[in-house]
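S.K.: Residue numbers (the numbering used here), protein chains in the order written: chain U, 1 to 150; chain S, 151 to 300; chain L, 301 to 450; chain E, 451 to 600.
Hints are not guaranteed to be accurate.
Cross-link-like lysine-lysine pairs, in silico, PhoX-like; alpha carbons within 25 Å at most [as the list claims (entries may be wrong)]: (1) S:K263 x E:K581; (2) S:K263 x L:K413; (3) S:K281 x L:K413; (4) E:K581 x U:K113; (5) E:K563 x U:K131; (6) L:K431 x U:K113.
No lab work stands behind these hints, which were simulated from the structure alone.
Note that the coordinates shown come from a computational prediction; the quantities given were computed from them, not determined experimentally.
4 protein chains.
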Amino acid sequence: MTSFAAQDPNFESRVRQSFSRQQFMATIGASITRVEPGEVDIELHQRDDLTQQHGFLHAGVLASAADSACGYAALSLMPPGAAVLSIEFKINMLAPAAGDRIVARGRVIRAGKTVTVCWGDVTAYSSAGEKLVASMVATMMTVQGRGLTD
Amino acid sequence: MTSFAAQDPNFESRVRQSFSRQQFMATIGASITRVEPGEVDIELHQRDDLTQQHGFLHAGVLASAADSACGYAALSLMPPGAAVLSIEFKINMLAPAAGDRIVARGRVIRAGKTVTVCWGDVTAYSSAGEKLVASMVATMMTVQGRGLTD
Amino acid sequence: MTSFAAQDPNFESRVRQSFSRQQFMATIGASITRVEPGEVDIELHQRDDLTQQHGFLHAGVLASAADSACGYAALSLMPPGAAVLSIEFKINMLAPAAGDRIVARGRVIRAGKTVTVCWGDVTAYSSAGEKLVASMVATMMTVQGRGLTD
Amino acid sequence: MTSFAAQDPNFESRVRQSFSRQQFMATIGASITRVEPGEVDIELHQRDDLTQQHGFLHAGVLASAADSACGYAALSLMPPGAAVLSIEFKINMLAPAAGDRIVARGRVIRAGKTVTVCWGDVTAYSSAGEKLVASMVATMMTVQGRGLTD
Numbered sequence: 001m002t003s004f005a006a007q008d009p010n011f012e013s014r015v016r017q018s019f020s021r022q023q024f025m026a027t028i029g030a031s032i033t034r035v036e037p038g039e040v041d042i043e044l045h046q047r048d049d050l051t052q053q054h055g056f057l058h059a060g061v062l063a064s065a066a067d068s069a070c071g072y073a074a075l076s077l078m079p080p081g082a083a084v085l086s087i088e089f090k091i092n093m094l095a096p097a098a099g100d101r102i103v104a105r106g107r108v109i110r111a112g113k114t115v116t117v118c119w120g121d122v123t124a125y126s127s128a129g130e131k132l133v134a135s136m137v138a139t140m141m142t143v144q145g146r147g148l149t150d
Numbered sequence: 151m152t153s154f155a156a157q158d159p160n161f162e163s164r165v166r167q168s169f170s171r172q173q174f175m176a177t178i179g180a181s182i183t184r185v186e187p188g189e190v191d192i193e194l195h196q197r198d199d200l201t202q203q204h205g206f207l208h209a210g211v212l213a214s215a216a217d218s219a220c221g222y223a224a225l226s227l228m229p230p231g232a233a234v235l236s237i238e239f240k241i242n243m244l245a246p247a248a249g250d251r252i253v254a255r256g257r258v259i260r261a262g263k264t265v266t267v268c269w270g271d272v273t274a275y276s277s278a279g280e281k282l283v284a285s286m287v288a289t290m291m292t293v294q295g296r297g298l299t300d
Numbered sequence: 301m302t303s304f305a306a307q308d309p310n311f312e313s314r315v316r317q318s319f320s321r322q323q324f325m326a327t328i329g330a331s332i333t334r335v336e337p338g339e340v341d342i343e344l345h346q347r348d349d350l351t352q353q354h355g356f357l358h359a360g361v362l363a364s365a366a367d368s369a370c371g372y373a374a375l376s377l378m379p380p381g382a383a384v385l386s387i388e389f390k391i392n393m394l395a396p397a398a399g400d401r402i403v404a405r406g407r408v409i410r411a412g413k414t415v416t417v418c419w420g421d422v423t424a425y426s427s428a429g430e431k432l433v434a435s436m437v438a439t440m441m442t443v444q445g446r447g448l449t450d
Numbered sequence: 451m452t453s454f455a456a457q458d459p460n461f462e463s464r465v466r467q468s469f470s471r472q473q474f475m476a477t478i479g480a481s482i483t484r485v486e487p488g489e490v491d492i493e494l495h496q497r498d499d500l501t502q503q504h505g506f507l508h509a510g511v512l513a514s515a516a517d518s519a520c521g522y523a524a525l526s527l528m529p530p531g532a533a534v535l536s537i538e539f540k541i542n543m544l545a546p547a548a549g550d551r552i553v554a555r556g557r558v559i560r561a562g563k564t565v566t567v568c569w570g571d572v573t574a575y576s577s578a579g580e581k582l583v584a585s586m587v588a589t590m591m592t593v594q595g596r597g598l599t600d
């Protein structure tokens with residue numbers, strides 16, 4: 001992986017504060033567990049109220065965590081005053097998300113002035129080991145001067 | 151749009167019962183409001199606990215509703231005994247999801263024996279009118295004989 | 301579909317001239333057959349040297365025509381002096397591309413200052429009728445002041 | 451990366467023979483340069499007749515090579531008698547494809563009985579060094595008993 005340098009020395013607190021304003025992350029029980037320049041981990045746990053019809057975590061829950069992880073990986077590299085918006089993402093479900101602990105890791109693969117592209121890997125951890133359960137590619141936009149900040 | 155015929159005469163109750171087992175849909179306050187062969191609507195409402203950091207609905211909420219709408223649009227055309235799984239989806243966010251009522255409409259565009267492809271449109275309704283806020287393409291799989299049913 | 305107005309009165313000649321500089325379109329025998337504000341058709345024909353291993357048109361050929369159709373649909377709405385770049389696209393193959401004449405139609409669904417989102421439908425026409433063979437969603441970027449023009 | 455074992459001892463010649471029937475790969479000057487279980491490289495070179503309007507390789511050329519690399523990475527793991535079809539792919543363009551030599555590498559990340567998911571990285575090599583210019587995620591299907599073979 002390419003390694004990146006943050007433009008904003010306060011990138012970590014900025015990312016964590018913005019994450020804490022994402023009320024939906026609290027709703028699904030997700031917390032942000034690691035913030036590095038261009039790389040962010042978000043964790044959540046198996047819970048009955050997050051399931052689809054077969055008892056696995058809903059694909060939308062995985063997508064939500066991976067989208068936030070990708071967005072904050074992108075934000076960690078943005079200049080002070082900028083905000084991040086999701087332009088689009090695509091996610092492949094690779095295996096049923098069975099596991100006690102789920103980690104969505106967002107990593108920047110291309111950081112541009114306007115457009116940043118990230119990978120998001122979702123891994124399930126259980127007593128049986130770890131398993132890659134979903135893979136995302138997300139395109140994020142740097143927004144400046146539109147009254148939005150992060 | 152192409153119009154489709156259901157193979158299962160009980161497609162509507164089957165879709166509604168499977169949806170009622172998606173506990174995550176209840177968590178985000180989503181209900182299924184229309185079930186036709188190859189076309190399903192899912193509705194939800196603006197709620198503070200579903201927002202991202204700028205106060206709009208989180209992209210993951212839109213994706214969750216659209217994924218379920220696409221999955222059930224696909225299931226409505228499947229033979230009795232089959233189950234539906236999301237292989238992958240891609241969603242573009244077209245405008246901030248501001249609006250009191252959000253409708254995710256899933257529509258089948260190609261129904262195959264194994265693979266079904268759907269569009270998912272997410273529209274926000276407010277006193278200011280209606281607006282297309284997100285557009286999904288989803289690939290769904292028909293699963294038979296693996297101990298899963300819908 | 302939403303209808304759009306062009307900002308550049310010369311949008312059609314501008315699109316056609318830019319298309320004529322895409323040497324790859326000539327290589328695959330593609331021509332631009334319709335240019336409206338936000339909507340562009342590109343046509344090509346079945347040819348042995350465009351096939352994959354089973355004798356159908358290669359998915360990359362369909363993607364190439366649909367990407368150009370989407371890019372020029374986006375360009376048709378851009379201000380004079382701007383250039384268009386593809387940020388990303390996704391394409392679903394819906395049926396084998398068997399047919400004498402293939403039309404890729406790009407249509408803008410969201411035109412923003414920086415980001416434009418398009419659908420690209422690929423239809424095969426033969427004596428047996430017409431068939432939707434592929435469906436694209438593409439994200440295009442308006443580029444200004446970087447030494448690129450279209 | 452996960453490593454995979456081939457089910458078909460003749461996987462390499464089978465992949466190479468199928469590739470040689472993709473006439474479109476010859477049209478764009480692409481050759482297959484490496485075939486391992488679950489991993490395939492396809493190379494091509496900068497050529498004027500493969501360009502878009504700004505003189506860079508057309509995104510469709512990159513997508514074509516990456517789609518074939520992903521498809522053959524998937525085929526390398528399939529049982530004898532099966533054929534591979536592209537269900538869908540998504541590609542992000544990360545940088546202009548400027549470089550003398552382009553390598554599209556397809557790698558399987560999930561090999562299922564019916565559905566295989568691959569990453570496709572496109573790298574440009576020039577005297578200035580190497581650069582990742584595009585990133586694909588592709589979903590491939592194993593087809594058996596429909597009169598298609600690879």
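S.K.: List in ascending order the numbers of the hints, as given earlier, that are violated by the structure.
M.R.: Per hint list: 1, 2, 6 violated.
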